[in-house]
Amino acid sequence: GESVGLHLPTLSVQEGDNSIINCAYSNSASDYFIWYKQESGKGPQFIIDIRSNMDKRQGQRVTVLLNKTVKHLSLQIAATQPGDSAVYFCAEVLGNTPLVFGKGTRLSVIA
Amino acid sequence: DAGVIQSPRHEVTEMGQEVTLRCKPISGHNSLFWYRQTMMRGLELLIYFNNNVPIDDSGMPEDRFSAKMPNASFSTLKIQPSEPRDSAVYFCASSPGVWETQYFGPGTRLLVL
Numbered sequence: 001g002e003s004v005g006l007h008l009p010t011l012s013v014q015e016g017d018n019s020i021i022n023c024a025y026s027n028s029a030s031d032y033f034i035w036y037k038q039e040s041g042k043g044p045q046f047i048i049d050i051r052s053n054m055d056k057r058q059g060q061r062v063t064v065l066l067n068k069t070v071k072h073l074s075l076q077i078a079a080t081q082p083g084d085s086a087v088y089f090c091a092e093v094l095g096n097t098p099l100v101f102g103k104g105t106r107l108s109v110i111a
Numbered sequence: 001d002a003g004v005i006q007s008p009r010h011e012v013t014e015m016g017q018e019v020t021l022r023c024k025p026i027s028g029h030n031s032l033f034w035y036r037q038t039m040m041r042g043l044e045l046l047i048y049f050n051n052n053v054p055i056d057d058s059g060m061p062e063d064r065f066s067a068k069m070p071n072a073s074f075s076t077l078k079i080q081p082s083e084p085r086d087s088a089v090y091f092c093a094s095s096p097g098v099w100e101t102q103y104f105g106p107g108t109r110l111l112v113l
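The listed protein sequences derive, respectively, from chains A and B.
Mapping of the first sequence onto this note's numbering: position 74 corresponds to residue 74, and the numbering continues sequentially without gaps.
Mapping of the second sequence onto this note's numbering: position 10 corresponds to residue 10, and the numbering continues sequentially without gaps.
If you are wondering where the hints come from, they were derived from the structure by calculation, not from laboratory data.
Just to be clear, a hint being listed does not mean it is correct.
What the hints assert, rightly or not - Some chain A residues flagged as far from chain B (calculated, every beta-carbon gap over 12 Å):
hint: 1; residue: 7
hint: 2; residue: 13
hint: 3; residue: 38
hint: 4; residue: 42
hint: 5; residue: 43
hint: 6; residue: 65
hint: 7; residue: 69
hint: 8; residue: 72
hint: 9; residue: 79
hint: 10; residue: 82
hint: 11; residue: 96
hint: 12; residue: 97
hint: 13; residue: 98
hint: 14; residue: 100
Stated by the list, open to error - Facing chain A, from chain B, some residues (calculated, C-beta under 8 Å):
hint: 15; residue: 42
hint: 16; residue: 45
hint: 17; residue: 48
hint: 18; residue: 65
hint: 19; residue: 74
hint: 20; residue: 91
hint: 21; residue: 98
hint: 22; residue: 101
hint: 23; residue: 102
hint: 24; residue: 103
hint: 25; residue: 104
hint: 26; residue: 105
hint: 27; residue: 106
hint: 28; residue: 107
Keep in mind that this is a model prediction, so the values were computed, not measured.
Glycine included, C-beta positions come from ideal geometry on N, C-alpha and C.
If we strip away everything but chain A, and leave its shape as in the complex, we get (with noise of 0.2 Å):
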């Protein structure tokens, strides 16, 4: 029969251009997220976090934006290079349990 495969939001972007990638969490008391990239044939690899006593942190060219309000998460990639794509995902933690993981965003940076 026909397999499906996971469907990932994929984002295009042009090299040099800034990209965005968001994600909506699932729980309004999560308290620390994270931002992993995977890289086609590799793990996923921690890129920046942020604690939700926070709305903002930069890390370089990154930067994660948190609003609480509407459970939302957002990574900022300055200046996109082609080595930046890859799938993206956010993940959250609550208390004292393991991190979530959402589904991924893929982006393909055009060169």
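Given chain A, put chain B in place with the hints provided.
Structure of chain B alone, referenced to chain A:
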């Protein structure tokens, strides 16, 4: 510092055979996680350990799957007998604590024929 180490990186086996996947967590990390990733279901948490003790194995699909952590530096995930639907990439991850950032290994790509 060495990250999480997994072996083998690739495994091809025939249906009915036993498969053992191995993981060495980052030294000093107290929590270890086993995940399975497929196109159909995405990333699934199978089981996790804290201080070598299994805490939650509700994600283990069937009795054919078992996991052990005999010491702080080694864990195994065993499938016996293996079936074609077990074909997936299996990741091991470790973290300082259960609710903290997890660091993933490179994965074992399993193909059961």
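Status of the hints after comparison with the structure:
1. 7: 10 Å, violated
2. 13: Given that every Cβ of chain B is farther than 12 Å from that of residue 13 of chain A, nearest at about 23 Å, it holds.
3. 38: Check fails; 8 Å does not lie beyond 12 Å.
4. 42: About 6 Å separates residue 42 of chain A from the closest Cβ of chain B, which leaves it inside 12 Å; violated.
5. 43: 3 Å, violated
6. 65: Fine: 19 Å to the nearest Cβ keeps residue 65 of chain A off the interface.
7. 69: 23 Å, holds
8. 72: 20 Å, holds
9. 79: 25 Å, holds
10. 82: 21 Å, holds
11. 96: 5 Å, violated
12. 97: At roughly 6 Å from the nearest Cβ of chain B, residue 97 of chain A sits no farther out than 12 Å, so the non-interface label is violated.
13. 98: 6 Å, violated
14. 100: 9 Å, violated
15. 42: It holds, given that the least Cβ distance between residue 42 of chain B and chain A is near 5 Å, below 8 Å.
16. 45: 7 Å, holds
17. 48: 6 Å, holds
18. 65: 18 Å, violated
19. 74: 18 Å, violated
20. 91: 5 Å, holds
21. 98: 6 Å, holds
22. 101: 6 Å, holds
23. 102: 6 Å, holds
24. 103: Hint on residue 103 of chain B: holds, closest Cβ of chain A at ~7 Å, below 8 Å.
25. 104: Residue 104 of chain B check passes; min Cβ-Cβ to chain A is 3 Å, inside 8 Å.
26. 105: This hint holds: residue 105 of chain B lies near chain A, its Cβ roughly 6 Å from the closest one there, short of 8 Å.
27. 106: Hint holds; residue 106 of chain B Cβ to chain A Cβ min 5 Å, cut 8 Å.
28. 107: 5 Å, holds
Going down the numbered hints, you'll see the structure goes against 1, 3, 4, 5, 11, 12, 13, 14, 18 and 19, while the others check out.
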